Amino acid sequence: MKSIEELNAIRDKMKDQVGLRSENPDCTKVVVAMGTCGINAGAREVLNTFAEEIAAKKVKDVMVSQSGCIGMCKYEPVVEVYGPGNEKVTYVEMTADKAKEVVEKHIINGQIVNDYVLK
Amino acid sequence: MMSEISLGILDLAENSLRAGASLIEISVGVSSYEGTLNVSVRDNGCGMTAEQLEKAVDPFFTTKETEGSGLGLPFLKYSAECTGGTFRIESVKGEGTCVKAVFGLFHINRMPLGDIGATVRAVMVLCADVVFSFSADGRGFVMDTRAIRKILGDVPLESAPVMEYIKEYLEENIQETSGEIKL
Ligand SMILES: Nc1ncnc2c1ncn2[C@@H]1O[C@H](COP(=O)(O)OP(=O)(O)OP(=O)(O)O)[C@@H](O)[C@H]1O
Ligand SMILES: [Mg+2]
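For the protein sequence lines, the chains are U and R, in the order given.
The letter at position 98 of the first sequence is residue 98 when you use our numbering, and the numbering goes up by one with no holes.
The letter at position 74 of the second sequence is residue 74 when you use our numbering, and the numbering goes up by one with no holes.
No lab work stands behind these hints: they were computed from the structure.
Mixed in with the good hints there might be a few duds.
[Unchecked claim] Listed below are several chain R residues computed to face chain U (Cβ distance under 7 Å; list not exhaustive):
no., residue
1, M2
2, I151
3, N173
4, I174
Everything numeric in this text was worked out from a predicted model, so none of it was measured.
In this text, a Cβ means the ideal position worked out from N, Cα and C, and glycines have one as well.
Construct the entire structure; sequences and hints are all you get.
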């Protein structure tokens, strides 16, 4: 079995690059709909991919959270991205690959991925 | 419909988050001798009144303002009971809620456990603190994000090397704990 103590070494290696997490109130918010309908449609993988990509690309000031069912069951998995000015973009029928693209294009480069936006 | 017990656990955790929980304890325990797979999700959220609790497993009861279907709890209750198992909710208003489901391990109707590691990682993204206990026939491990934070100090839990290690840690330990049991 692996031990959680191995994180000691990871911490020592990372000590000098702290401060990734931000409480900045006007940060970008990624909200994954996680009602029963969203979960059955694949929201778990979409959420984990957003979290992993945001960490891997070291994007600052992004918060990942969940909402319940937002009444768009047939478009699930649904993800709402709120920009720093609180403007909302709703992405539908998301997958892990689409999530990677949204992180790269929208969250990092500020370009909405229109192909996946609710029409 | 729901295809894994792990997705049902995520559904329970989502209820906990909506109840304002800052700590979610997920436990999965397997006994081949007893022929049971025990699941529990405990939270420190707002809890329910006796009246709410009674209604909570009614299909289509929901306190959501948006259009939540309210099918999460009834479905899980049904999927446990149709394997000869049981389903119970204990809740204290202002203190928290604990949902316990027992599945018949060898029953033909039992859904597979599925990717429990992915469920735990998702809950870790969403909830301040998570405790995950997993045991099978005397083997097992416990992961507690409060202990992890203590080790990490100023290094955030959500940084890539930490998340990668926790993913491997969960996968390897879940596999070793499960052993030969088909989950
Ligand atoms: N852990 C909890 N703490 C407090 N209240 C809860 C908890 N779990 C369930 N409830 C209450 O029971 C209701 C029914 O839950 P259930 O999961 O069946 O449906 P839902 O969450 O409303 O909708 P859905 O899961 O279909 O998206 C919830 O709306 C909530 O009021
Ligand atoms: Mg629910």
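Does I174 (chain R) pass the interface hint, meaning its C-beta sits closer than 7 Å to a C-beta of chain U? violated, 10 Å
Regarding the hint that I151 (chain R) lies at the interface with chain U, is the smallest CB-CB distance below 7 Å? Where the cut-off is 7 Å and the nearest Cβ of chain U is about 5 Å from I151 (chain R), the hint holds.
Hint check: 7 Å Cβ-Cβ cutoff, N173 (chain R) to chain U: holds, 5 Å
Could you check if M2 (chain R) really has its C-beta closer than 7 Å to a C-beta on chain U? Holds. Min distance 6 Å.
Violated hint for the displayed structure: number 4, the only one.
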